[in-house]
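Trainee: Start from chain A and add chains B, C and D according to the hints.
For the record, the sequence lines run as chains A, B, C and D.
Numbering-wise, my numbering puts 30 at position 30 of the first sequence, and it's gapless, one number per residue.
Numbering-wise, my numbering puts 63 at position 63 of the second sequence, and it's gapless, one number per residue.
Numbering-wise, my numbering puts 84 at position 84 of the third sequence, and it's gapless, one number per residue.
Numbering-wise, my numbering puts 46 at position 46 of the fourth sequence, and it's gapless, one number per residue.
Label pairs and their in silico Cβ distance ranges:
1) Val94/D <-> Arg94/B: 42 to 52 Å
2) Arg93/D <-> Pro62/B: 43 to 53 Å
3) Gly63/B <-> Val167/D: 38 to 48 Å
4) Lys204/D <-> Val14/A: 33 to 43 Å
5) Asp8/B <-> Asp249/D: 50 to 60 Å
6) Asp8/B <-> Val14/A: 28 to 38 Å
7) Gln89/D <-> Gly96/B: 31 to 41 Å
8) Pro82/B <-> Gln89/D: 35 to 45 Å
9) Val14/A <-> Ala3/B: 32 to 42 Å
Think of the hints as simulated: they come from the structure by calculation, not from any bench.
None of the values given here were measured: they were computed from a predicted structure.
Yeah, the Cβ is synthetic: ideal placement off N, Cα and C, and Gly gets one too.
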Amino acid sequence: MLVAATAAVLVTMVLTLVRAVLGPRLYNRILAINMFGTKTVLFVALAGFLADRPDFLDIGLLYALVNFVATIAVLRLTHEDDPLLEGEREAR
Amino acid sequence: MSASLLLDLASSASLLVGSLFVLSGGIGLLRFPDFYTRIHAAGLTDSAGAGLILLGLLLQTPGWETAVRLVLIVLFMLLTGPTSTHVLAQAAGRDGVRVWRAGEPRR
Amino acid sequence: MSGSLYVYWLIFALMMIGLYIVISHGNLVKKLIGLNIFQVSVFLLYISFGKVRDGSAPIVKEGIDTYSHPLPHVLILTAIVVGVATTALGLALVVRIFEAYGSLEEDLLHERDAASGVDGPS
Amino acid sequence: MSMFVLMNLTLFGILAATAVTISRLRALYEATMLTALFSLVSASLFVLMDAVDVAFTEAAVGVGISTVLFLGVLALTRSREDVTPRIRQWPARVVVLLAGGMLVYASQDLPRFEGATTPVQVHPVTDVYLRESQDDIGVPNTVTSVLASYRAHDTLGELVVIFTAGVAVLLLLASSPGPGRREEGEGPAELVLADYRVLRVISKLLLPFILLFAFYVLFHGEYGPGGGFQAGVIFAAGFVLYGLVFGVDGARRVLPRPLAWAMIPLGILLYVVLGLAGMLLGGEFLDFQGLRPGDPQAGQHLGILLVETSVGITVAGVMVAVFFSFASRRAAR
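Same shape as in the complex, but just chain A:
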């Protein structure tokens, strides 16, 4: 069952990546990458159990943390008024 779950997580990673590549535009990509981050947390946890060494879950905790930091950073720093982005908003 572990294998099945890992496979599901990997497939979802690919699907999420497709959304991140297709976009369109910033917010869809942020959403996709945020979701990709949680999938890597799951993948690392599952990989630890698959390798019979589940004592490395600290990594999963760290991934969850930095994923949050990155999402907040994107939101915060892309909010600066960028005349070019403004132009794009008009064109949307």
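Mentor: What follows is chains B, C and D alone, placed relative to chain A:
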């Protein structure tokens, strides 16, 4: 029917359902028509899918150290996941991303 | 497949994509992103040398005999942090260049240099 | 094909697709975010290849720090790239194909992947690091013992590089005020995120736990993945999060700038003093056996812990100071 067998069964079931949630969330993220509907899909995998998979792992942990970490991960995700989707949706709203209505082309 | 090299080829492909971004793009930030990709692929190459079949992470535990080699891990661990410090240096230079020139496109920078009589690098 | 190979291939495929997309995207915010994704996937690959410590570092650095710095620079400069002219693309493609072909040709001489008899694995030093270290030092995480004891000189050198790069960034960004340094308490950056109440509450709630996690990573590095480098970066990431939500001035109230700057040389000084202490107690430079007379193992433990602590102090200082100096600069537009 022993306790360990019961645990194994519960763990497998939880993993299976969690995987289905994760997969459906991935498909939803790909297929839904606009940003706000996709947030729904992402929220689904992040809470239900991840929670169930981690619960499934929790049911087959060998020692308490691993169990504590799993619980911490779940708690952390429960705190940060909704926060980031909430902030994302609000930021998108402020930035003028419009809600999709039936009949419009996908975005 | 005991004698396989496929991992190295995949890593080389990643490296080359990074190199391509560095060479072909004129934007300085994009060049740094490409450099980052190249750097991570080099890290992957080093780590792949340390991996051994059926090995386990080199944290010694009762009942486990085969471990992957710890030395590449040590080298790369420090290299990652050094890498981000040098990337920060590059980014600081980018900020100063933008403040001085108002642009980050390599070609434009050369033009400005030529126009003001400063010798750019060819 | 085993499961390991399949997982490897999938992750490498994701990496390649991401890299190609990055190369094609002209919007640099998006490209930067995909770089964060790239870094997460490569960290997962490190986990698969048993390099848990490296995965720890890569995730913390690549996503937590590097992405934030890139985004900060984009906020200060332009976030859109010009179209790459065709005339630049073709020569680059030729060069890349030639170089790649050469590498693939040369790879025939490389030892096979995962081989147990490769030069790396049969070198005598392998046995020292993996087996003898358990008697000499007694630290289960061999990465930590190699990093902080066997190769402590090397680590000192790396720390000096980080120190130098950090000081150079501070000189570049802090010395000359530039066209627009932000006055305290003013500026466009104070606007948006502080308005989100949920985010504010959650971030304030999380900060102590993140810092606690950093200390845990520092002290647990002997038994699990972690150590000074990772702890320093996590510590910095906590402050980056705080600074992002409450503004640079808010973060400065928690960790004043002189303190962050003082941490940079402090760690290196501690490291060198520790090395000299080893010499005074009758050993070589950075020899920890004599730190606890009569008990070389305890001496090694103490030495490793102090090395990790000093590494953590310098790394955290550099990262926080660098972030502050990027964040307190105002866009020149």
